[in-house]
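Put together the whole structure using the sequences plus the hints.
Number of protein chains: 2
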Amino acid sequence: MDLDSIKSPEDIRKLSLTELDELCGELREALLGKLSAHGGHIGPNLGMVEATVALHYVFDTPDDKIVFDVSHQTYVHKMITGRIKAFTDPDHFDDVTGFTEPRESEYDLFTIGHTSTAVSLAGGLAKARDLKGGKENVVALVGDGSLSGGEAFEGLDFGATLGTNFIVVVNDNDMSIAENHGGLYDSLRHLRETDGHGEPNYFKSLGYDYRYVAYGNDVAALVEAFKDVKGIDHPVVIHINTQKGKGYAPAEADRETFHFGAPFDLSSGNPLRISEEPDYGDITATHLMKLMKEDSSVAVITAGTPGVIGFGPVQRQLAGRQFIDVGIAEQEAVALASGLAKGGAKPFFGVVSSFLQRAYDQLSQDVAINNTPVVIGIFYATMYGMNDVTHLGWFDIALISNIPGFVYLAPTCKEEYLAMLDWAMKQTDHPVAIRVPGVKVIERGEIFPTDYSDINCYSLDQKGRDIALIAAGSFYSLGEKVVELLKARGYEPTLINPRFLSGTDDELLRNLEADHRLVVTLEDGVLDGGFGEKIARFYGTSPMKVKCYGIRKEFADRYDYASLARENHLDPAVIAGEIENILTK
Amino acid sequence: MDLDSIKSPEDIRKLSLTELDELCGELREALLGKLSAHGGHIGPNLGMVEATVALHYVFDTPDDKIVFDVSHQTYVHKMITGRIKAFTDPDHFDDVTGFTEPRESEYDLFTIGHTSTAVSLAGGLAKARDLKGGKENVVALVGDGSLSGGEAFEGLDFGATLGTNFIVVVNDNDMSIAENHGGLYDSLRHLRETDGHGEPNYFKSLGYDYRYVAYGNDVAALVEAFKDVKGIDHPVVIHINTQKGKGYAPAEADRETFHFGAPFDLSSGNPLRISEEPDYGDITATHLMKLMKEDSSVAVITAGTPGVIGFGPVQRQLAGRQFIDVGIAEQEAVALASGLAKGGAKPFFGVVSSFLQRAYDQLSQDVAINNTPVVIGIFYATMYGMNDVTHLGWFDIALISNIPGFVYLAPTCKEEYLAMLDWAMKQTDHPVAIRVPGVKVIERGEIFPTDYSDINCYSLDQKGRDIALIAAGSFYSLGEKVVELLKARGYEPTLINPRFLSGTDDELLRNLEADHRLVVTLEDGVLDGGFGEKIARFYGTSPMKVKCYGIRKEFADRYDYASLARENHLDPAVIAGEIENILTK
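The listed protein sequences derive, respectively, from chains P and L.
Residue 776, in this note's numbering, is where the first sequence stops; the numbers in between run on with no holes.
Residue 776, in this note's numbering, is where the second sequence stops; the numbers in between run on with no holes.
Treat the hints with caution; some may be incorrect.
The list treats identical chains as one, so a pair stands whether inside a single copy or across any two.
Straight-line distance between alpha carbons at most 20 Å, and here's what the computed SDA-like set of lysine to any residue pairs gives [as the list claims (entries may be wrong)]:
1) 776 - 734
2) 323 - 509
3) 323 - 370
4) 437 - 217
5) 323 - 481
6) 395 - 381
7) 395 - 383
8) 323 - 482
9) 605 - 641
10) 326 - 512
11) 323 - 512
12) 395 - 377
FYI, nobody ran anything at the bench for these hints, they're computed from the structure.
So, in structure tokens, the structure goes:
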């Protein structure tokens with residue numbers, strides 16, 4: 192059929208099963224066209240073509256409600272709910288986000304980007320329906336990879352008690368981003384191997400009725416299964432076995448690489464552009480491999496995102512039992528690290544800034560209160576990282592720096608990062624987090640100290656007068672540029688690398704009062720609760736003026752880097768001008 | 192035997208099983224003596240007498256390692272690991288904390304107070320052992336109530352993959368603090384009813400070998416079961432069925448009341464002191480009951496602690512399906528609330544400040560990004576609340592206020608709390624958190640506004656000059672006292688109730704610059720990342736001085752309220768004196 196004629200799921204509900212099957216082929220082809228030209232989540236969407244079509248075919252969306260976990264697999268959902276042009280017309284590719292987005296469509300219920308939340312959110316919709324006397328079906332769709340997150344368990348455990356219509360579709364493609372890890376996955380495999388008849392059955396153990404669909408890419412089988420549970424009066428799990436990357440040979444063959452990707456050549460599957468640039472993941476992996484070789488008690492932990500720290504299949508195999516993937520389970524990663532450290536091992540947990548949020552209590556209770564020397568490397572902690580609203584990397588300073596006992600280090604470049612990493616892995620006095628300095632690797636060619644045990648000791652890199660810039664981590668370069676501009680205007684600015692985000696260097700700050708009138712802080716993070724505010728409070732009753740630069744508290748979405756920088760005055764010339772204004776006022 | 196002669200588990204390992212049984216009786220009697228005179232966790236400890244004795248009898252502690260979940264059930268553990276006097280000698284009752292504490296004993300591995308962490312922490316110990324070539328047993332003891340927390344699931348899921356010695360003892364007394372909630376609990380009941388032979392089996396579904404002990408208060412049965420798994424070469428769950436409150440009739444009969452309690456009369460079980468004081472829990476429950484009656488879409492949520500919001504068995508029954516206990520699962524509580532709000536219901540989630548930390552990512556992603564009008568009431572958010580290091584209620588302002596979109600309200604008294612609660616439950620524009628003002632109920636007898644939709648609009652309660660106090664929430668009274676002292680010294684201070692912790696009233700603050708020189712902030716929370724720092728940053732480049740009062744960033748433990756207040760200068764006279772010093776400098 193003419194895909195562009197699909198305005199809503201109504202248009203596909205009149206099709207026969209044979210036509211529906213043909214439609215799936217056409218949707219997949221169109222999807223591949225956009226994916227290869229634009230990039231995105233490849234494998235998850237290819238695997239979900241039939242299930243998505245069958246869901247909308249059977250259920251009366253938008254009255255019936257579907258909540259997609261992570262929602263990175265909703266491209267076909269968008270194609271058949273009024274947004275087809277964003278997939279068939281290159282001029283409109285960026286009209287839609289890569290996740291569900293209520294501002295786009297009434298078929299999208301939540302803005303979602305983190306894993307393991309859909310069952311909980313859908314449980315709330317179902318409970319609201321029951322309180323209000325509604326009759327609609329409520330469906331949560333969750334992938335097997337997401338089941339490793341604690342929130343998914345909590346959501347399932349509660350959902351089973353609803354006692355009313357609640358349909359959980361488990362999209363089992365036997366993969367997380369990389370392979371799955373956890374005892375649960377053996378029992379999922381056993382269910383697949385027994386056509387759903389085996390025991391133990393995780394879903395039944397949580398109180399669910401249970402159905403199994405062996406051919407999760409067979410639209411007719413799915414339609415039958417969904418029809419069977421439509422209007423059901425109690426909680427049920429439909430476990431469907433899909434194939435990640437279905438219908439595209441390179442994606443079927445290498446499911447990890449094709450989970451998410453940049454534009455690629457459709458015939459070969461090869462990426463159109465190969466980056467030759469070094470990457471903090473690779474740098475980290477190379478360094479950790481060396482440390483692991485030297486010390487068999489060094490353990491490297493990931494929560495389902497090994498690629499972030501440069502651990503591809505080769506590195507994982509080489510690291511052997513010193514590499515631990517806990518699945519998408521950040522709480523476990525942090526608490527496990529604490530146990531490892533207490534047991535005398537040397538854990539490093541590498542994690543994306545936005546995902547570390549899932550483990551605040553573990554950072555506080557399991558680690559900081561116990562003062563276990565875990566090391567946490569925090570990646571994409573910058574406004575120049577991921578710009579989807581669900582993946583912003585700006586909130587980690589406010590999150591970590593205000594936990595007592597945590598040492599939060601902010602290296603300014605590759606060399607300082609590795610120096611700090613070495614110290615952190617060697618020492619046993621503190622839990623240490625290291626903010627990997629941005630996305631683009633900066634090398635300074637300098638030698639950095641090997642010892643950071645003098646906690647909160649800032650580095651006075653250039654001593655001047657009147658104005659001092661405290662430029663943290665990835666914004667150190669911004670500070671250097673401001674210094675150059677101020678020098679050109681005849682000022683003699685002081686430049687400080689604070690190195691520590693979690694406290695103030697009281698002696699250094701006090702000494703500045705002798706010959707400085709203004710301190711400017713620069714941080715690549717949200718201003719509220721951040722580093723600069725500690726400096727502002729420090730000087731609260733002093734004549735010293737303080738001006739904080741960073742990002743204002745907001746949820747920006749798919750923003751343009753330059754615009755967000757401009758809106759927040761994060762430009763060397765603007766900052767230099769504002770400094771001059773303050774000094775001459 | 193003479194209990195005071197027990198210096199270490201070695202002393203009990205030489206006993207026969209009959210003597211061991213007698214010892215359990217003596218330990219229970221001594222325990223009841225302290226519990227009745229001193230208060231504490233009653234039911235959990237009475238139920239664990241035999242299991243604790245059996246664990247130390249069989250395993251070679253401290254070489255073998257036991258991690259207790261929540262660790263509120265470790266009184267007998269402390270009695271037989273060198274701390275017997277803290278239970279038999281009233282002069283030494285306070286020598287020990289109510290939780291495991293490594294500073295007390297090498298038998299205590301972690302400082303623990305939140306639920307659901309033990310399996311994860313023990314998993315780390317086991318993995319460290321494996322990396323270092325150790326041979327010791329690693330045991331995690333976790334209660335059935337704690338299994339509802341996502342971290343426990345994540346810990347079990349990972350632990351199953353260790354492939355080496357890992358022993359999880361599930362202490363199933365069929366109770367959380369109140370009754371259990373969640374689909375899992377039906378299957379645990381089924382296991383108890385089938386003597387462990389039934390399916391589905393949750394633990395097997397996560398990959399564990401499994402044993403069941405029907406008589407979890409029979410020390411001989413436990414010794415046999417533990418001996419059977421000592422030295423085991425793979426992960427195993429020992430599911431033991433114990434009785435909460437075992438051996439004390441009143442505690443067996445009313446397991447919820449006797450979970451934790453103040454001193455009581457041993458013969459009757461009646462509390463020695465009955466508080467006649469009103470309590471924010473009761474006030475909240477009474478008010479919510481009214482709202483629920485008026486609107487059937489109002490839903491009240493707890494995460495396993497209904498008593499905190501005044502919902503005893505009577506209120507729970509009356510509220511019916513409008514009352515939701517998700518189990519100890521704060522992530523679920525927050526995400527569920529978001530789903531409820533999205534579905535048009537009106538959710539209120541009442542939670543202890545320290546436990547809300549477990550749901551930071553849900554506050555940010557599931558709620559704030561989706562801007563769902565959930566209402567969260569935060570209890571014991573004060574330095575005058577719980578003073579165990581694991582239960583500090585001071586970190587919520589830094590946690591919540593820095594999440595974009597969250598409105599965090601700080602009422603100063605009962606009347607303002609209820610006014611804000613009414614507004615929050617009515618409006619649909621924002622997620623709202625309300626900081627219940629301290630522990631002691633303050634009534635002002637004033638009428639407060641019914642509308643708080645003018646976000647970040649502070650209330651200028653007394654207009655003066657030179658010095659302005661911004662006194663937030665439970666510290667408003669402190670601000671009033673400082674104002675009185677300053678007036679007595681001839682000053683005309685301004686007093687502001689900020690009402691909002693999550694932002695600045697820029698116009699009001701700007702206006703103060705005309706005739707004020709100093710702004711003082713008072714907040715009942717940690718200074719770092721808190722409310723005062725927002726004010727300090729606001730005035731950073733202004734001549735206005737800012738002095739922030741609050742609690743310095745540290746993990747205080749079992750502190751004396753007055754001492755902590757003194758250390759932080761939180762005394763009206765001290766503050767007034769410091770203000771005068773600044774003004775006259």
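Task: Intra- versus inter-subunit Cα pairing at 20 Å for residue 776 with residue 734 - done: both (14 Å within a copy, 11 Å between copies)
- [ ] Up to 20 Å between alpha-carbons, please classify residue 326 paired with residue 512: within, between, both or neither.
- [x] between (51 Å within a copy, 17 Å between copies)
Open item on the list: For residue 323 and residue 512, with the copy left unspecified, which applies at a CA distance of at most 20 Å: within, between, both, or neither?
Closed with: between (52 Å within a copy, 11 Å between copies)
Task: Intra- versus inter-subunit Cα pairing at 20 Å for residue 395 with residue 381 - done: both (14 Å within a copy, 12 Å between copies)
Task: Intra- versus inter-copy proximity for residue 383 and residue 395 (alpha-carbon distance at most 20 Å) - done: both (15 Å within a copy, 16 Å between copies)
Task: Alpha-carbon proximity context of residue 437 and residue 217, limit 20 Å - done: within (13 Å within a copy, 66 Å between copies)
TODO: Classify it for me, residue 395 with residue 377: is the Cα-Cα distance of at most 20 Å met within a copy, between copies, both or neither?
DONE: both (16 Å within a copy, 10 Å between copies)
Task: Intra- versus inter-subunit Cα pairing at 20 Å for residue 323 with residue 481 - done: So residue 323 and residue 481 pass the 20 Å test across copies only (18 Å; inside, 60 Å).
- [ ] First find the shortest C-alpha distance between residue 323 and residue 370 inside one copy, then the shortest across copies, and answer within, between, both or neither for a cut-off of 20 Å.
- [x] Classified as neither; 42 Å inside a copy, 26 Å across copies.
Task: Intra- versus inter-copy proximity for residue 509 and residue 323 (alpha-carbon distance at most 20 Å) - done: between (56 Å within a copy, 18 Å between copies)
TODO: Measure nothing new, just compare the shortest in-copy and cross-copy C-alpha distances for residue 323 and residue 482 to 20 Å and report within, between, both or neither.
DONE: between (59 Å within a copy, 15 Å between copies)
Task: residue 605 and residue 641: within-copy, between-copy, both or neither at 20 Å Cα - done: For residue 605 and residue 641, the Cα distance is within 20 Å only inside one copy (14 Å; across copies 55 Å).
Checked against the numbered hints listed earlier, the structure breaks hint 3 alone; every other hint is satisfied.
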